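Student: Chain by chain, the residues run as shown.
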Amino acid sequence: MEVNPYTDLPAGAFWKTGVVAEGLESSDTIYKKKFEISLQDSLAVAGSCFSQHVGRRLNKNGYNVLDLEPAPPELPESLHQRFGFSTFSARHGNIYTARQLLQLLQEVLGEHSPCDYIWKKNDKFVDALRPSVEPDGLDSPEEVMEHRRYHLARVREVFERLDVFFFTFGLTEMWEHRESGTVYPTAPGTMAGAFDPRIFVFRNATHAEVLQDFNHFQSLLLRLRGGRPYKLLLTVSPVPLTATASGQHVLVANAYSKATLRSVAGQLCMDHEHIDYFPSHEIVFHPKLHSRAFAENLRSVRDEMVEVVMAYFFAEHDLHGTQAIQNCDAHAEDLQPLSSPAEEVDQRTGVEMACDEMILESFAPPL
Amino acid sequence: MKFVVWGNSHLSAFRDAWLALDGDKKVETSFLPTPNVANFSDVVLHSSQAARLTFPDGRTQVVALPPSTESCLVIVGNGNYGHFSTYERPGGLPPLWVYSPRVCHERGVNPHLHPSLAPISSTLFEVIYRDTPLHCLLHRRGFTPAYFEQFLKIFIFVSPTPASSFFRRQLHSFQYLEAACLHQFKQAYGRIFEHQVHGLGLRELTIHYPLASLEAWDGTTSEKYLLDEELQVHANQDYWRQRIEASPLMALRG
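Heads up: the sequence lines are chains G and P, in that order. Residue numbering for the first sequence follows our numbering, beginning at 1 and increasing consecutively. Residue numbering for the second sequence follows our numbering, beginning at 1 and increasing consecutively.
Hints are computed from structural coordinates only; laboratory data are not their basis. What you are looking at is a predicted structure, and each value in this text was computed from that prediction instead of being measured. Glycine is no exception: its CB is placed at the ideal position from the N, C-alpha and C atoms. All clues given are correct.
Examples of chain G residues lying across from chain P (beta carbon under 7 Å, computed):
1. 72
2. 74
3. 75
4. 83
5. 134
6. 136
7. 138
8. 139
9. 146
10. 147
11. 150
Below, simulated DMTMM-like cross-link-like pairs (lysine to aspartate or glutamate); rule was C-alpha separation at most 25 Å, straight line:
12. 60(G) with 36(G)
13. 124(G) with 176(G)
14. 120(G) with 126(P)
15. 25(P) with 70(P)
16. 33(G) with 307(G)
17. 231(G) with 273(G)
18. 124(G) with 126(P)
19. 121(G) with 126(P)
20. 34(G) with 307(G)
21. 60(G) with 316(G)
22. 124(G) with 131(P)
23. 32(G) with 307(G)
24. 231(G) with 111(G)
25. 32(G) with 282(G)
26. 124(G) with 194(P)
My request is simple: use the sequences and hints to build the entire structure.
Tutor: Take a look at the structure:
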């Protein structure tokens with residue numbers, strides 16, 4: 001047979017052998033690391049709600065995950081999540097979009113002052129830029145500002161100290177303050193605040209905008225760090241949109257959002273030596289799983305599946321020399337269809353997941 | 001009226017103040033240092049007529065107890081607002097800053113001068129502290145609401161606020177007091193304490209707090225009312241005299 005560019009490629013390069021024939025656990029080529037992460041490296045974790053799984057498992061596996069807004073020692077662990085503790089490296093809640101990430105760093109640097117970010121919730125006040133960290137809200141607008149001031153100082157420290165930043169892209173859709181361009185992680189009127197179309201506008205970012213925002217974020221990060229280099233691990237959340245305001249069917253809107261984010265992550269990874277892409281989205285959507293990776297709501301990723309996803313990561317970033325995908329407790333292909341209702345709970349840790357956008361489900365028309 | 005007075009390490013100075021107020025008359029009072037009551041269960045659960053005290057040096061003492069139906073119950077400190085149980089928690093709780101712009105403004109405090117203090121919301125504060133009042137009042141020692149209810153009246157004298165040196169030393173912070181945190185802490189904890197303790201539904205309950213006149217600007221007990229000790233959490237006889245005189249107990253003493 002004539003030699004051609006495909007002749008000597010490994011099994012993973014072909015759909016038939018890499019996907020159809022190869023078991024999910026036996027495939028060791030889905031993720032190949034681009035750089036090493038050592039025990040001494042300080043990791044920062046941020047992103048959409050899927051990154052909560054990531055951070056928790058990195059911690060459990062002995063990585064040095066920064067937590068610069070730790071919970072008060074006497075707060076029971078079961079309540080950490082409820083107050084936004086022990087979830088990310090700072091108490092910023094979910095960061096769904098590249099614009100939100102950029103905006104946070106701009107605020108840290110004093111280059112952006114968010115507008116209209118104190119929203120009312122009953123008789124309390126909520127920081128609309130991280131509405132889930134104080135479930136009942138705070139007692140006064142001044143208190144919101146004071147909490148935010150402290151929070152920004154901690155975020156700054158995270159950005160200064162990190163060696164590796166693990167960021168999970170979640171959404172392209174966002175709600176924006178018309179006049180100032182301030183973006184919010186949740187729509188006004190859902191968790192708090194009130195929706196006024198004269199003040200807020202829906203935006204769905206394009207590939208170019210996401211890429212520009214992320215590169216802008218990177219340049220600011222480098223400046224904040226005085227040029228000290230860092231590594232970036234990017235992934236795209238496999239958790240689909242709860243709802244879309246784009247006017248499209250949610251299935252179509254979700255495909256746009258994830259494809260855009262995946263494309264940006266891919267381009268960033270190709271363009272920069274210090275950026276690696278971890279394919280959690282691809283693993284969860286592996287055709288062999290026939291959607292069994294998801295809980296019954298066909299949205300939440302089952303905990304066993306998260307184990308599988310992270311097993312790929314730990315097999316490559318093997319701190320202790322004991323990791324292998326085959327050693328993973330859970331086996332993706334053994335996943336049975338669920339018969340119990342889906343819950344936003346990490347079954348292994350019993351920790352409730354904080355997905356702000358889950359609240360949108362309550363606005364869906366009755367079945 | 002007869003009195004049964006339980007207390008922890010604060011009892012000694014309270015007792016001195018109480019007896020000094022007696023003058024010519026003798027108010028019938030039984031003092032019970034809680035940690036030294038050997039037959040605690042008999043007294044609290046089985047209405048024993050006498051408490052048997054044992055002391056570390058081997059001494060023992062029997063204290064006769066008046067019928068509770070003819071007496072007032074007085075709790076002195078006993079962990080309520082205690083330095084160890086409330087202000088300084090096992091596990092090293094960091095300074096709690098319940099932010100109140102009004103209090104900061106009134107006291108001329110600029111909160112931006114204290115960047116290392118983590119602000120705590122009232123909701124989070126309540127979650128952390130909601131079990132503390134009843135743990136200190138009841139469960140830690142084994143008291144029961146039924147025991148309290150046997151008495152004609154109940155007075156709880158919460159512990160003196162520790163000295164400023166205590167907070168600076170134990171909380172490793174100079175900022176806690178300067179930022180008016182202690183006032184805010186006491187307000188926030190007071191709301192929980194009142195809610196939980198009154199939630200027991202005890203009749204004729206009075207909770208007596210430290211008087212502002214006995215405290216410094218930062219909410220700590222003024223130095224002149226402190227015992228000369230390293231820990232700096234115990235108040236002297238003069239302090240307790242003023243609190244007793246300011247309380248409804250004075251009228252009951254006759």
